[in-house]
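Chains A and B, in that order, are what the protein sequence lines are. In this text, residue positions in the first sequence follow numbering that gives the first Met the number 0: the first is 0, and each later residue adds one. In this text, residue positions in the second sequence follow numbering that gives the first Met the number 0: the first is 0, and each later residue adds one.
Fair warning: there could be bad hints in the mix.
Copies of one chain are not kept apart here, so a pair can be met inside one copy or by any two copies together.
With a straight-line Cα cutoff of 30 Å, these simulated DSSO-like cross-link-like pairs (lysine-lysine) come out [said to hold, decoys possible]:
| # | residue 1 | residue 2 |
| --- | --- | --- |
| 1 | Lys56 | Lys84 |
| 2 | Lys233 | Lys87 |
| 3 | Lys56 | Lys203 |
| 4 | Lys6 | Lys333 |
If you are wondering where the hints come from, they were derived from the structure by calculation, not from laboratory data.
Number of protein chains: 2
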Amino acid sequence: MAKESDKFAYYPLFRSGLPPPARRFAGLLPYNFSGGHNDAEQIPIDALIEASVAVLKRHGSRLAIYNLGHGPLGYEGLRDVVATKLAKRRGIACSRDDILITAGSTQGLNLLNQIFLQPGDTVVFEEFSYANAIRDMRQLGVTIVSAPLDSGGLEIDALDSILGNLRDRRVHPKYIYTIPTIQNPTGTILSLDRRHKLLSLAEKFQTVVIEDECYSNLVWADDVPPSLYGLNPKHVIHVGSLSKSLAPALRLGFIVADWQVLSQAIACKTDGGTGALEQMVAAEYFFDSFDSHIAGQTRALESKLGSLVEALQREFGTSIEFHPPEGGTFIWAKLPPPIDVRKLIQPAANAGIAFNPGPEWSCGDDPATSHLRLCFALPTAEQIQKGIAELARICFDLFGIPERGTNASRRIDS
Amino acid sequence: MAKESDKFAYYPLFRSGLPPPARRFAGLLPYNFSGGHNDAEQIPIDALIEASVAVLKRHGSRLAIYNLGHGPLGYEGLRDVVATKLAKRRGIACSRDDILITAGSTQGLNLLNQIFLQPGDTVVFEEFSYANAIRDMRQLGVTIVSAPLDSGGLEIDALDSILGNLRDRRVHPKYIYTIPTIQNPTGTILSLDRRHKLLSLAEKFQTVVIEDECYSNLVWADDVPPSLYGLNPKHVIHVGSLSKSLAPALRLGFIVADWQVLSQAIACKTDGGTGALEQMVAAEYFFDSFDSHIAGQTRALESKLGSLVEALQREFGTSIEFHPPEGGTFIWAKLPPPIDVRKLIQPAANAGIAFNPGPEWSCGDDPATSHLRLCFALPTAEQIQKGIAELARICFDLFGIPERGTNASRRIDS
């Protein structure tokens with residue numbers, strides 16, 4: 000179009016403190032172990048077609064009305080489906096009036112940040128946490144105080160001390176952000192006992208817990224403890240996702256919270272409502288297929304996890320440490336400390352491989368420079384095998400590690 | 000659920016400066032002349048079903064990938080449809096890489112505000128303008144300087160003086176926000192001559208024009224001047240909507256702008272992408288039905304405008320002033336100055352009637368206390384007749400106006 004010299008210079012008019020501008024999208028890499036994508040094989044295309052046809056026939060003309068005429072909380076049919084699911088699976092007793100449908104759990108978190116936070120505020124995060132949530136705090140000028148995790152999730156005694164120290168310093172954290180069920184990135188599930196103790200701390204320190212349960216449907220076991228909100232809603236704001244359970248390109252999440260919070264979230268939600276067609280189709284499909292859908296999806300994910308575990312062990316041997324997650328779509332893995340995974344990003348990308356570098360998922364004392372988050376939902380079993388073999392080769396070329404996989408010495412092979 | 004006394008008090012933890020919390024949604028009123036709804040009869044249900052089936056069959060499995068794997072600008076198929084439509088109807092030469100799909104034009108405007116504005120900034124608005132945009136400026140702590148409108152839209156000479164005065168005071172407005180094609184709320188179309196002059200002012204004062212063209216497809220005449228962006232993109236950011244043209248409950252809009260702006264908009268668009276199913280279905284339907292759809296929709300809207308004009312003249316006679324709009328979905332009408340329409344809101348609501356009170360659409364010297372915005376897309380012809388008759392009766396009971404309609408003296412009738 001215009002020559003660069005003819006262009007108007009917009010930058011001087013932009014506000015200060017903007018995030019860095021995006022780069023041009025260059026397409027997805029073929030061996031994609033990054034991001035929260037899902038398994039393309041698990042999209043129930045025929046059932047979504049059936050749902051679309053049925054719900055458009057029944058309610059299509061309502062699309063002429065903002066929010067289908069159901070108000071800013073969202074489509075009543077979807078709120079009813081969510082309420083039923085939350086009662087059955089997450090121990091939550093709520094009605095459609097306690098649920099705000101959002102454009103993914105991401106918008107739910109954004110709205111809560113808009114309500115609670117201003118520059119200079121303090122929040123408590125788990126030491127490893129959702130990269131975008133960490134990024135948002137930094138963008139907002141909010142201080143993160145981190146609480147340690149172990150193989151059972153949030154360490155409650157340590158959290159007690161941290162909150163006590165903050166109180167001594169007269170710092171009142173705006174909220175504790177936790178991912179209790181399939182912690183992101185570590186993949187753990189917080190025990191019932193720890194959940195009760197966490198709720199006691201919220202009461203003791205009179206603070207708010209935001210529980211992000213976006214992966215809570217995707218667990219291998221049947222006996223998951225109830226959500227924190229289900230155990231006692233008093234201090235808890237529950238954020239959930241349907242995108243993760245169905246299809247990430249559909250933007251559907253929800254907040255369950257006291258009206259004090261929801262009424263303020265609605266006032267900040269200036270988007271004209273969450274997309275109604277996606278709400279209608281998801282509600283129609285999930286109305287009687289939720290359990291069977293989740294059962295099929297978790298089976299497929301657990302099988303892909305198996306492929307990734309096998310590939311990592313074969314290719315990296317004892318050079319990689321991880322606990323297989325109890326659900327979800329990712330492994331949090333650690334390479335030997337001399338390796339800084341940030342130096343691996345570009346060489347891996349050159350070979351068509353993407354992963355999430357650990358440092359983006361750390362907000363605590365451990366910078367996670369040797370950690371990677373490896374997502375296993377999108378790549379096929381074959382892509383997992385090839386991609387991990389190639390990643391190990393690149394890693395060895397750069398760092399001399401892994402020297403051997405399970406069955407073979409790499410140094411001799413190459 | 001919990002007793003009020005058991006509730007946690009969230010308010011002390013909320014940030015300062017929040018908008019007022021929402022009230023519980025009480026349902027839509029039967030005689031609804033408010034908001035940007037559309038005509039329910041014009042939703043092409045069968046064609047949307049056909050489009051859903053076709054596009055889910057073809058691309059359904061891509062829903063597993065964020066943004067369908069097409070990157071943060073949005074679904075390539077929809078960006079291509081938008082580019083084609085803009086070339087044909089709005090004189091814009093652009094490619095899919097110049098278009099960011101947003102969740103309605105509302106999100107487009109929100110993103111631009113995030114990029115440009117901080118408290119204390121100044122923007123230039125038309126004296127009567129989109130109520131939500133005015134509200135957002137007040138919420139952001141941004142000063143609006145208003146430019147006058149006449150029956151041809153923005154008064155260019157007055158704008159020249161206003162920009163000159165600002166320059167003398169060393170105030171550099173961040174942007175000029177204009178709705179050139181079906182001005183909201185006044186319904187005018189800016190002439191080609193004024194468009195060229197407006198672009199010259201942007202060059203003269205080195206500022207940005209945000210043109211909001213969300214109603215630009217819904218015009219009665221065939222010979223609409225090209226968009227400002229089409230005439231010269233240098234200073235212009237073009238914001239458009241597909242929601243208005245198809246169905247407001249679908250959240251689909253777009254920004255066309257220089258990469259300096261788009262790259263920053265993407266960085267601020269932390270929503271995980273615009274809903275993909277709505278993008279796919281709209282693209283599939285519009286690919287070869289855009290012109291016929293718009294033709295049918297504008298015919299239906301123009302007919303409803305006729306019903307509203309007739310009802311207003313019959314019921315309010317010479318007591319109401321308005322220029323029938325050249326397109327869109329609303330009339331900007333004025334009652335005699337002693338009437339403050341804010342006193343009409345509650346009595347009208349009690350009778351099941353909703354309208355947009357003028358003061359919310361004013362940011363200039365005229366507070367528009369006697370103005371109403373009456374939307375004619377959603378109510379049926381019968382609801383228009385009944386609702387306006389009832390509104391006139393309430394108005395007469397409260398203010399003694401209108402004393403007579405076209406054919407009858409109200410005072411004698413009652």
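Within, between, both or neither: how does the pair lysine 6, lysine 333 come out at a Cα-Cα threshold of 30 Å? Close neither inside one copy (47 Å) nor across copies (43 Å); limit 30 Å.
What label fits lysine 56 with lysine 84 when the C-alpha limit is 30 Å: within, between, both, or neither? Answer is both: 25 Å inside a copy and 28 Å across each meet the 30 Å cutoff.
As a check of your reading, is lysine 233 near lysine 87 (CA-CA no more than 30 Å) within one copy, between copies, both or neither? within (20 Å within a copy, 56 Å between copies)
What label fits lysine 56 with lysine 203 when the C-alpha limit is 30 Å: within, between, both, or neither? neither (52 Å within a copy, 54 Å between copies)
Consistency note: the structure conflicts with the earlier hints numbered 3 and 4.
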